[in-house]
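A.B. asks: Turn these sequences into a full structure, and let the hints steer you where they fit.
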Amino acid sequence: MNNSPIHLTPKAIVCRPNPNLWWLVLGAILEVIFFLIIPAFADTSTSSPRNDLSLAIFLCLAILLFGTGIAWLIFELARGEIRADEVGLTWRRGFAGWRSARWEEISDFYIRNTQSSRIVETPQGKLELSSAFVGIQEVVDLVPQRAVNAASTHWGRKGFRRDDEWSVSLSQWSKSQQWTAPLISSLLVSCILLLAVPTSSKPNNAFSVAQWYDAFALVTIALVCCSMGGLFVWMIVELWRERRQAWEHRDETLLINAQGLRFSSNSTHVEARWEELSSIERKRPKGRIWRILVRTTEGDFEFWGFQNSGMWLQFRQLAHEYAPRAIETLQKRESEESLGEDLDGPLGAWSGQKIGEGAQVFSYRSRGNRLTMACISLALIFAPQMYLILKYSSANDENPFAPNWPLYWATNLCAAAITFVMFWWFKRAALWVDETGLQVRSPFHRPRHIRWNEIEAMGRDVWGEWLHASNRKIYITRFTLPLRHAELRQLLEKHVQEL
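The sequence shown begins at 2 in this note's numbering and counts up by one.
Some hints here could point you the wrong way.
[Unchecked claim] Computed cross-link-like contacts, SDA-like style, restricted to lysine to any residue with a CA-CA straight-line distance of at most 20 Å:
#1 Lys495 / Glu457
#2 Lys159 / Phe96
#3 Lys159 / Ser131
#4 Lys495 / Met459
#5 Lys474 / Arg442
#6 Lys392 / Ile382
#7 Lys333 / Arg485
#8 Lys127 / Gly98
#9 Lys474 / Leu493
#10 Lys355 / Met459
#11 Lys428 / Phe480
#12 Lys474 / Glu494
#13 Lys495 / Ile475
#14 Lys428 / Leu348
#15 Lys474 / Met459
#16 Lys392 / Thr373
#17 Lys284 / Asp301
#18 Lys474 / Ala79
#19 Lys127 / Gln146
#20 Lys428 / Leu344
#21 Lys495 / Asn454
#22 Lys428 / Arg485
#23 Lys284 / Asn258
#24 Lys474 / Pro20
#25 Lys284 / Gln246
#26 Lys392 / Ala79
#27 Lys495 / Lys428
#28 Lys159 / Ser118
#29 Lys333 / Ser352
#30 Lys474 / Gly460
#31 Lys355 / Leu372
#32 Lys127 / Val144
#33 Lys127 / Phe96
#34 Lys495 / Trp433
#35 Lys333 / Ile382
#36 Lys176 / Phe161
Please keep in mind that the hints were generated in silico from the structure rather than gathered at the bench.
C.D. replies: Structure (structure tokens):
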């Protein structure tokens, strides 16, 4: 989604991290809490001191790793900010303080590895213009215009720009490809064995189905283990399938330099300059394996690639730099595919369920938001099931299977309640805009109507975007962005400027 930044003044741009990342923080915190509550209230009276020490070490390491990562992400979301004005760039990231550089002090700017990560080199250090910042594209477009003393005049991968002397040979089959599938498959098979071995050949008195909840626990453990085992098996099959595909097309080689490209295989040989490329098309017949068709005036060729394979990503980045017209076909198709992000469709963008009828509706019902909440919900629901698996795997003659059922059901109810609240908000929350003003709708409070003449200011802070109206601050985005956010921002800025 192409989001425009907040304009504090006609000559200043301020970009802050995407509020969608707060969902990641929320999910990580809830997951840590759930995994800490279970051992904290579990019955450890029958466990050995050695097991208690192992559990304590594991919890300390988990808290250290997760806590450090969560703390850094919170600081980044709360304090991260990039500003661009007539003088230069000013930024603050994570735990660091403010830094600034004038436009003429910028020594170089380039794309690091992917199109989503761009680097600006200054005397104060390197500044990353990450796509995680809302509205960063406008700053990206501004840098080549203002950085008059930089080593390059346009964005490009360092070492692969027009001013550089370079040549690269791309192929699907590599040394790392030979060992990736066997190594990861061995790790996944080990995980499957860890799931199967502890839950097999238990003593007769280690588990009893005298009560209904004992049978429920046995069924739950079996379902979780089978689901995880099935997922691991699917991953192994996909890895070897991709490895076989790469081996079958090991003869395909793509030689690229600043002037053009040369493709060669057992049956096809095509050499063309960048300006001779007419179109680049992508088809996906199965899974993550793509078929890339390149049309040139000297002939057409196609090669097979994976969704995130090095060959495809490098070719795409270089084609975006040297043959922008040829890649327009691909970008147009990807743009059309992204329209399916809206679960309500074009009619859901209007309160009257007809285009142009009623108020404009900006909901949060996107596929990305739904997937994020589904992942958080599954993680929360899985935590108490993991508790059952751990209790059962440690059961023996002296320590029979006897989980803390009140704790188990309490954590399940909490997970279910959090899941229900998230999806209830997902279904009901929306922003309505009409000629009279803006209406903020949420399942947790009555609709708040803000007339255009009541708006005094607008801005963004760590909690989201807000409007100041009637001597109070009203947030219009929290944790995530609504659909068609750029269009909503344009409407708000238009009405605020007219006041």
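A.B. asks: Find the hints from earlier in the document that the structure breaks and name them by number, from lowest to highest.
C.D. replies: Violated hints (numbers, rising): 2, 10, 16, 23, 26, 27, 29, 31, 35 and 36; every other hint is consistent with the structure.
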